[in-house]
Amino acid sequence: MVEVTDEMIKAYQRDGVVLIKGLWADWVEELRAGIARNMAEPGPFAAENQKPGESGRFFDDYCNWERIPEFERVIKQSEVAEVAAKLMGSERVQMFHDHVLVKEPGTARATPWHQDGPYYFVGGQQNVSFWSPLDPVKEASLRCVAGSHLWPKEVLPTRWLAETSFYPNPELYMPVPDPDAEGMPVREWQMEPGDAVAFNYRTLHGARGNEAGTRRRAFSLRVLGDDARYVERPGRTSPPYPGHDMVPGQVLREDWFPFLR
1 MVEVTDEMIK
11 AYQRDGVVLI
21 KGLWADWVEE
31 LRAGIARNMA
41 EPGPFAAENQ
51 KPGESGRFFD
61 DYCNWERIPE
71 FERVIKQSEV
81 AEVAAKLMGS
91 ERVQMFHDHV
101 LVKEPGTARA
111 TPWHQDGPYY
121 FVGGQQNVSF
131 WSPLDPVKEA
141 SLRCVAGSHL
151 WPKEVLPTRW
161 LAETSFYPNP
171 ELYMPVPDPD
181 AEGMPVREWQ
191 MEPGDAVAFN
201 YRTLHGARGN
211 EAGTRRRAFS
221 LRVLGDDARY
231 VERPGRTSPP
241 YPGHDMVPGQ
251 VLREDWFPFL
261 R
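Here full-length UniProt numbering is used: the first residue of the sequence shown is 1, the next is one more, and so on.
The set of hints was computed from the structure by calculation and includes no laboratory data. Here a beta-carbon is modelled for each residue, glycine too, at the ideal position from N, C-alpha and C. You may find that some hints are simply not true.
To be verified - Computed list of lysine-lysine pairs in DSS-like fashion (alpha-carbon distance at most 27 Å, straight line): (1) K138 to K51; (2) K153 to K138; (3) K76 to K86; (4) K10 to K153; (5) K76 to K21; (6) K153 to K51; (7) K86 to K10; (8) K76 to K10; (9) K86 to K21; (10) K153 to K21.
To be verified - Now the in silico label distances, taken between C-beta atoms and shown as ranges: (11) P112 to N169: 29 to 35 Å; (12) G106 to A36: 17 to 23 Å; (13) P42 to R73: 19 to 25 Å; (14) E3 to V247: 37 to 43 Å; (15) M39 to P240: 20 to 26 Å; (16) E182 to P240: 43 to 49 Å; (17) G235 to P112: 40 to 46 Å; (18) D180 to D26: 19 to 25 Å; (19) E154 to I9: 23 to 29 Å; (20) P185 to P234: 26 to 32 Å.
Using the sequences and the accompanying hints, generate a full structural model.
Here it is in structure tokens:
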């Protein structure tokens, strides 16, 4: 059983981030096989996140769980929905999407500081994203700014390579901060395969490049709680889910986003 203590729940609510040791310790090989399948058969949203001439390879892809059986088994058969419900304080847990991020050895490019929430068409405080490495990580671990999920204004969402605003109204957002230069409280952990960082969609986070001689494969799962509702954004969201036909204030359609609990 994965342990979720009262102190971990308090930390998640207070800081917007907490470490879950061994969340998928029994599912590491399953997830590795799923990532191998994903990279061999990329989906329509797959991306290579390096500029020409940059070293290594930074691959990411999302929304593949329905076509990759390894991911579906982990999502439906592991304890993740129960863990999410406890952290969120939610009766229900609804699937949002999966995300794979792979940094091959010698990949200098960092994952830029960002909040996930502004890219999504969902609002509410009851949500959780699980980021789990499938290789031991030290310097390439996820980094999260404690308390940033409670900031009154969202951080500007940007396009990672172009470094331009994701939407046409950047004035509505706060500029992307530099947490190290500004002395913000950054939470990061050395992690073993199957450990997971759980964080709120509005928690500012990023990751260094992978200068190590080993791969850094990571699997992320995003789920929703009781207060999650569809919100409109001023442009194409990420993930986009074209043709969803939802309206503001609606619970996400269950045929596309099934309840796990």
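So, going through the hints one by one against the coordinates:
no.	hint	in the structure
1	K138 to K51	24 Å, holds
2	K153 to K138	31 Å, violated
3	K76 to K86	17 Å, holds
4	K10 to K153	23 Å, holds
5	K76 to K21	19 Å, holds
6	K153 to K51	30 Å, violated
7	K86 to K10	10 Å, holds
8	K76 to K10	26 Å, holds
9	K86 to K21	15 Å, holds
10	K153 to K21	31 Å, violated
11	P112 to N169: 29 to 35 Å	20 Å, violated
12	G106 to A36: 17 to 23 Å	20 Å, holds
13	P42 to R73: 19 to 25 Å	20 Å, holds
14	E3 to V247: 37 to 43 Å	40 Å, holds
15	M39 to P240: 20 to 26 Å	22 Å, holds
16	E182 to P240: 43 to 49 Å	32 Å, violated
17	G235 to P112: 40 to 46 Å	19 Å, violated
18	D180 to D26: 19 to 25 Å	35 Å, violated
19	E154 to I9: 23 to 29 Å	24 Å, holds
20	P185 to P234: 26 to 32 Å	31 Å, holds
When the structure is compared with the earlier hints, violations turn up for hints 2, 6, 10, 11, 16, 17, 18 and for no others.
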